[in-house]
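Number of protein chains: 2
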Amino acid sequence: VSGRLSVVGLGPGGEGLRTPLASKRLAEATDLVGYGPYLDQVGVLPAEPRRHASDNRQESARARVAIELACRGGRVAVVSSGDPGVFAMATAVVEELHRGLEERGEGGDGGAERWASIELEIIPGVTAATAAAALVGAPLGHDFCVISLSDVLKPWEVVEGRLSAAAGADFVLALYNPISSQRPWQLGRALDLIGAHRRASTPVAVVKDVGRPAEWAEVVSLDSVPVEKIDMRTVLLVGSSTTRAFVSPVGRVWMYTPRRYP
Amino acid sequence: VSGRLSVVGLGPGGEGLRTPLASKRLAEATDLVGYGPYLDQVGVLPAEPRRHASDNRQESARARVAIELACRGGRVAVVSSGDPGVFAMATAVVEELHRGLEERGEGGDGGAERWASIELEIIPGVTAATAAAALVGAPLGHDFCVISLSDVLKPWEVVEGRLSAAAGADFVLALYNPISSQRPWQLGRALDLIGAHRRASTPVAVVKDVGRPAEWAEVVSLDSVPVEKIDMRTVLLVGSSTTRAFVSPVGRVWMYTPRRYP
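Sequence lines, in order, name chains A and B. The working numbering numbers the first residue of the first sequence as 48 and each following residue consecutively. The working numbering numbers the first residue of the second sequence as 48 and each following residue consecutively.
Everything labelled a hint here was simulated from the structure, so no lab data went into it. Among these hints, one or two may not hold up.
It does not matter which identical chain is meant; a pair holds if it fits inside one copy or across any two.
[Unchecked claim] Calculated pairs, SDA-like style, for lysine to any residue (alpha carbon to alpha carbon, straight line, at most 20 Å):
no.: 1; residue 1: K71; residue 2: G61
no.: 2; residue 1: K201; residue 2: W232
no.: 3; residue 1: K201; residue 2: Y308
no.: 4; residue 1: K255; residue 2: V297
The whole structure should be built from the sequences, with the hints applied where relevant.
Structure follows, in structure tokens:
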């Protein structure tokens with residue numbers, strides 16, 4: 048029995064930004080595995096697959112479920128929002144397969160056979176940073192860093208060190224997972240750290256629910272980021288020293304980082 | 048007359064990774080503007096638009112042509128490979144429109160009227176870094192930086208400063224535009240700078256022509272990057288201190304950066 052395990056990126060929201068290859072894999076799947084809201088985002092499929100929804104933060108368990116299903120011959124699609132390789136399920140799946148391989152020599156459950164019986168593929172998607180950037184212009188037009196502010200899986204000191212290094216070297220910063228009920232103060236601290244290297248007027252794009260019906264984007268200055276409006280479904284794009292913002296004649300604020308660096 | 052100016056990301060290569068929204072805008076266009084090879088990549092369209100091909104490095108001139116066509120009421124698609132906001136045409140277009148606005152007060156050619164008469168939109172795409180990552184596993188599973196090694200528009204010292212800062216803070220690095228005939232030594236120097244902060248065995252993915260027929264990917268170690276095989280259509284993904292590589296039972300090398308940071 049040979050199964051297929053596809054880790055599929057849905058892109059940021061609606062079907063307009065979901066790649067044909069992702070849609071094809073979803074349509075071919077016998078099983079969909081993923082965080083509940085992402086499975087809902089998939090929508091109705093012609094040959095409705097079995098749906099295995101799980102809670103957030105259950106990435107490893109979810110990866111094991113998907114591997115088991117593929118080992119039994121399923122065509123399994125592990126569903127991620129955005130790009131599955133950016134703070135999403137691709138890592139968890141590859142990690143679990145590697146763990147299975149390594150455990151084999153220690154009386155494990157046959158990692159090598161699993162790998163050998165599964166065709167693994169990762170289907171990339173449009174990630175939130177570039178989808179958010181597109182809504183406000185071209186803030187990522189120059190070198191940039193992508194940082195998750197979550198300290199659930201890494202020490203907060205590592206986050207701080209990276210923020211300071213990236214801000215000091217004048218990268219544009221894309222901040223994922225900026226805030227949650229368990230992590231209320233980290234975003235404010237992150238903005239303070241960045242502020243040590245940037246003018247208060249530095250443009251910042253705050254983009255929520257990108258690609259979804261509730262989509263909302265605003266360009267503000269670094270000293271007036273509306274922290275109270277920000278949640279886990281928000282991405283922040285903090286400009287570099289050269290990033291500019293301006294208002295179009297129809298009143299829309301645009302933001303871009305020039306291609307030329309002085 | 049009201050025109051539309053869509054800056055469209057084709058994604059990394061074939062139609063499987065081109066979003067439906069991008070395809071729709073191409074199909075609706077009266078005019079396509081872009082670098083010749085990217086226009087070729089678009090393929091045949093139902094209502095064949097006029098194609099305005101230009102050489103590489105003509106971004107500003109190309110943006111002006113596109114704006115002019117939209118001002119005359121065209122439905123113009125400016126075509127970029129990958130995501131148009133990542134080292135591509137979105138910045139050039141927004142820059143040119145901003146320039147037009149600013150020149151207005153100085154006897155310029157009516158920037159405000161241009162903006163007011165054009166509907167501008169950026170259609171994001173799958174960028175090369177995440178498409179390349181998907182081919183080899185999940186190297187971008189943790190914080191990462193995206194850096195262009197081209198020093199055509201920025202001083203090389205800025206590139207060096209950013210490489211050292213990103214490597215020092217243990218980011219994964221995605222390197223775009225790694226080498227060209229005019230820039231033969233920069234990649235070697237960049238790898239040396241990164242090597243000051245990383246083990247020689249650090250996994251590096253070298254991915255060329257991602258999503259195209261000639262697609263080629265290899266995972267090597269930092270001290271054995273095949274510089275002679277690398278060109279402008281190559282992306283390099285250099286692991287952090289935690290990035291791991293392993294060989295699957297069917298002989299494929301996979302690379303990932305664990306979600307958990309020690």
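Hint check results:
In this homomeric assembly, K71 and G61 come within 20 Å of each other (Cα to Cα) both inside a single copy, at 15 Å, and across copies, at 14 Å. In this assembly of identical chains, the alpha carbons of K201 and W232 lie at most 20 Å apart only when taken from the same copy (16 Å versus 36 Å across copies). Taking CA atoms no more than 20 Å apart as the test, K201 paired with Y308 passes between copies only; the shortest distance there is 5 Å, against 33 Å inside one copy. Proximity of K255 and V297 under a CA criterion of 20 Å is satisfied in neither setting, with 22 Å inside one chain copy and 42 Å between copies.
Violated hints amount to a single one, hint 4; each of the other numbered hints is respected by the structure.
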